[in-house]
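**Q** When you line the sequence shown up against this note's numbering, it's residues 1 to 366, in that order.
Keep in mind the hints are simulated off the structure, nothing from the lab.
Bear in mind the structure is a predicted one, so any value in this text is a computation, not a measurement.
Among these hints, one or two may not hold up.
Stated by the list, open to error - With a straight-line Cα cutoff of 25 angstroms, these simulated BS3-like cross-link-like pairs (lysine-lysine) come out:
id: 1; residue 1: Lys45; residue 2: Lys73
id: 2; residue 1: Lys45; residue 2: Lys10
id: 3; residue 1: Lys320; residue 2: Lys350
id: 4; residue 1: Lys163; residue 2: Lys228
id: 5; residue 1: Lys247; residue 2: Lys311
id: 6; residue 1: Lys287; residue 2: Lys303
id: 7; residue 1: Lys10; residue 2: Lys287
id: 8; residue 1: Lys163; residue 2: Lys182
id: 9; residue 1: Lys303; residue 2: Lys316
id: 10; residue 1: Lys287; residue 2: Lys350
id: 11; residue 1: Lys287; residue 2: Lys311
id: 12; residue 1: Lys350; residue 2: Lys284
id: 13; residue 1: Lys287; residue 2: Lys247
id: 14; residue 1: Lys320; residue 2: Lys247
id: 15; residue 1: Lys350; residue 2: Lys316
id: 16; residue 1: Lys166; residue 2: Lys182
id: 17; residue 1: Lys303; residue 2: Lys320
id: 18; residue 1: Lys316; residue 2: Lys247
id: 19; residue 1: Lys166; residue 2: Lys228
id: 20; residue 1: Lys228; residue 2: Lys303
id: 21; residue 1: Lys166; residue 2: Lys179
id: 22; residue 1: Lys10; residue 2: Lys50
id: 23; residue 1: Lys350; residue 2: Lys247
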Amino acid sequence: MESIIEQFNKVLTEGVQMGASDVHLCVGASWKYRVNGHITPLTIKPLDMKECQAIVRHIMLTSPSFSEENIDKALNGLQDRDCSYMLPGVSRFRVNICRQRGSFSVVLRVVPFAIPTPESLGLPAVIRDIALEERGLILVTGITGSGKSTSLAAMIDVINQTKPCKMVTIEDPIEYLHKEIKASIIQREVGLDTESFSIALRAALRQDPDVILVGEMRDTVTIEIALKAAETGHLVLSTVHTTDAPKTIHRIISAFDLSEQQAVRLRLADAIRAVISQRLLRRKDDKGRVAAVEIMRNTLTIKDCIENPEKTDFIKDYMKSGRDQYGMQTFDQHLMDLFNQDVIDLETAKAAATSASDFQRNVLFT
1 MESIIEQFNK
11 VLTEGVQMGA
21 SDVHLCVGAS
31 WKYRVNGHIT
41 PLTIKPLDMK
51 ECQAIVRHIM
61 LTSPSFSEEN
71 IDKALNGLQD
81 RDCSYMLPGV
91 SRFRVNICRQ
101 RGSFSVVLRV
111 VPFAIPTPES
121 LGLPAVIRDI
131 ALEERGLILV
141 TGITGSGKST
151 SLAAMIDVIN
161 QTKPCKMVTI
171 EDPIEYLHKE
181 IKASIIQREV
191 GLDTESFSIA
201 LRAALRQDPD
211 VILVGEMRDT
221 VTIEIALKAA
231 ETGHLVLSTV
241 HTTDAPKTIH
251 RIISAFDLSE
261 QQAVRLRLAD
271 AIRAVISQRL
281 LRRKDDKGRV
291 AAVEIMRNTL
301 TIKDCIENPE
311 KTDFIKDYMK
321 SGRDQYGMQT
331 FDQHLMDLFN
341 QDVIDLETAK
351 AAATSASDFQ
361 RNVLFT
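Generate the whole structure from the sequences, applying the supplied hints.
**A** See below:
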């Protein structure tokens, strides 16, 4: 009879083989896969409290932070934790552990060993040009689960394949492992190698970097240091939980006190190089999901829109008109492309569009 850990690893292996993006487990409920955006229950006996705790214990013991001597104390005090787990020959996983109703719930996101290319993710060709900017701030935005960290990994790999440089990544947790090709790479994990994004980012500036990846700009201190790094000649890549370029600009500026906001606005207008916003949509053939991508690049007109708050909401108009010259595009433009290419159906496109009725009208008259 297989142990609960053997069963756990078997479920993960089969999930990867099925193309699952996530594996869900918690006490008293069925194990579940998320495949092509759908939650799919498995016909396996639900976990009891002891079995679920054994799995959590096993996951945590794979981290250098824990040992047989301190694991039980850590489990007793554990409420929320992000970490990683690796199944040799199968995949890496980004793990979130939390407590619910006094027991554990675990979600594992599949992180393949192979780093994807921008092309394999369906990202526009201009993403390669953006990744190879010499300096400034590049932001990838979207809701949780929209593929931000995967797109960042692809961009880091473009740099690694192309430029002899020094890169420092700060992640929570580390997802993709980058092997040095042309770049020298240091990967640091929050909670394991450093206390926080802001502390690691400040330290990174003393490590002679050319490129810094900050997994997420969660607070004002991190945003401030990231801006300073971009202003002083570094290329900084990060993520923000916003849905488009104008909202990203507003979010960053509003993180600061009112008295600082105009100065931050001017600094951001100088430092920002691009905002890449994305959403994952169900493919028409139901074979996975596809990214709908919005791209803003910092042209002189866009810079003026960022500097002047009354113009910020016009950014999308200039993104739309700057497609041919600068490679910018709005979500609605990319949705129309995906619909015309028969990648997504009309209902999916309308649901994701800025205005469903306007999108329907454009379909009828184009």
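**Q** Give a verdict on every hint.
**A** Hints, one by one, checked against the model:
1. A hinted pair counts as satisfied when its Cα atoms are at most 25 angstroms apart, and Lys45 with Lys73 does not qualify at roughly 29 angstroms.
2. Restraint check for Lys45 and Lys10: the C-alpha separation of about 14 angstroms stays at or below 25 angstroms, so the hint holds.
3. About 18 angstroms separates the Cα atoms of Lys320 and Lys350, which keeps this hinted pair within 25 angstroms; it holds.
4. Taking the CA atoms of Lys163 and Lys228, the gap is near 23 angstroms; set against the 25 angstroms cutoff, the hint holds.
5. Of the pairs offered as hints, the one joining Lys247 and Lys311 holds, with about 13 angstroms between alpha carbons and a cut-off of 25 angstroms not exceeded.
6. Taken as a hint, the Lys287 and Lys303 pair is broken in the structure, with Cα atoms around 40 angstroms apart against an allowance of 25 angstroms.
7. Proximity of Lys10 to Lys287 is assessed by CA-CA distance (about 23 angstroms); at most 25 angstroms being required, the pair is judged to hold.
8. Using a Cα cut-off of 25 angstroms, the hinted pair Lys163 and Lys182 holds, with the two alpha carbons roughly 6 angstroms apart.
9. Straight-line distance between C-alpha atoms of Lys303 and Lys316 comes to about 13 angstroms, which keeps the hinted pair within the 25 angstroms bound.
10. A distance of roughly 20 angstroms separates the Cα atoms of Lys287 and Lys350; the hinted pair therefore holds under the 25 angstroms criterion.
11. Annotation: proposed proximity of Lys287 to Lys311 is violated, straight-line Cα distance about 41 angstroms (limit 25 angstroms).
12. About 13 angstroms separates the Cα atoms of Lys350 and Lys284, which keeps this hinted pair within 25 angstroms; it holds.
13. A threshold of 25 angstroms between alpha carbons decides the hint, and for Lys287 with Lys247 the separation of about 31 angstroms lies outside it, so the pair is violated.
14. Restraint check for Lys320 and Lys247: satisfied, since their Cα atoms lie roughly 16 angstroms apart, inside the 25 angstroms limit.
15. A distance of roughly 18 angstroms separates the Cα atoms of Lys350 and Lys316; the hinted pair therefore holds under the 25 angstroms criterion.
16. Proposed proximity of Lys166 and Lys182 is supported: the alpha carbons are some 9 angstroms apart, at most 25 angstroms.
17. Only pairs whose Cα atoms come within 25 angstroms are accepted, and Lys303 paired with Lys320 is accepted, the gap being roughly 15 angstroms.
18. With a C-alpha separation of about 11 angstroms, the suggested pair Lys316 and Lys247 falls inside the 25 angstroms cut-off, and the hint holds.
19. Proximity of Lys166 to Lys228 is assessed by CA-CA distance (about 18 angstroms); at most 25 angstroms being required, the pair is judged to hold.
20. For the proposed pair Lys228 and Lys303, the alpha carbon gap of about 18 angstroms is at most 25 angstroms, so the pair holds.
21. Annotation: proposed proximity of Lys166 to Lys179 holds, straight-line Cα distance about 13 angstroms (limit 25 angstroms).
22. For the given pair, Lys10 sits about 19 angstroms from Lys50 by alpha-carbon distance, which is consistent with the 25 angstroms threshold.
23. With a C-alpha separation of about 21 angstroms, the suggested pair Lys350 and Lys247 falls inside the 25 angstroms cut-off, and the hint holds.
Violation of the numbered hints given earlier is confined to hints 1, 6, 11, 13; the remaining hints are satisfied by the structure.
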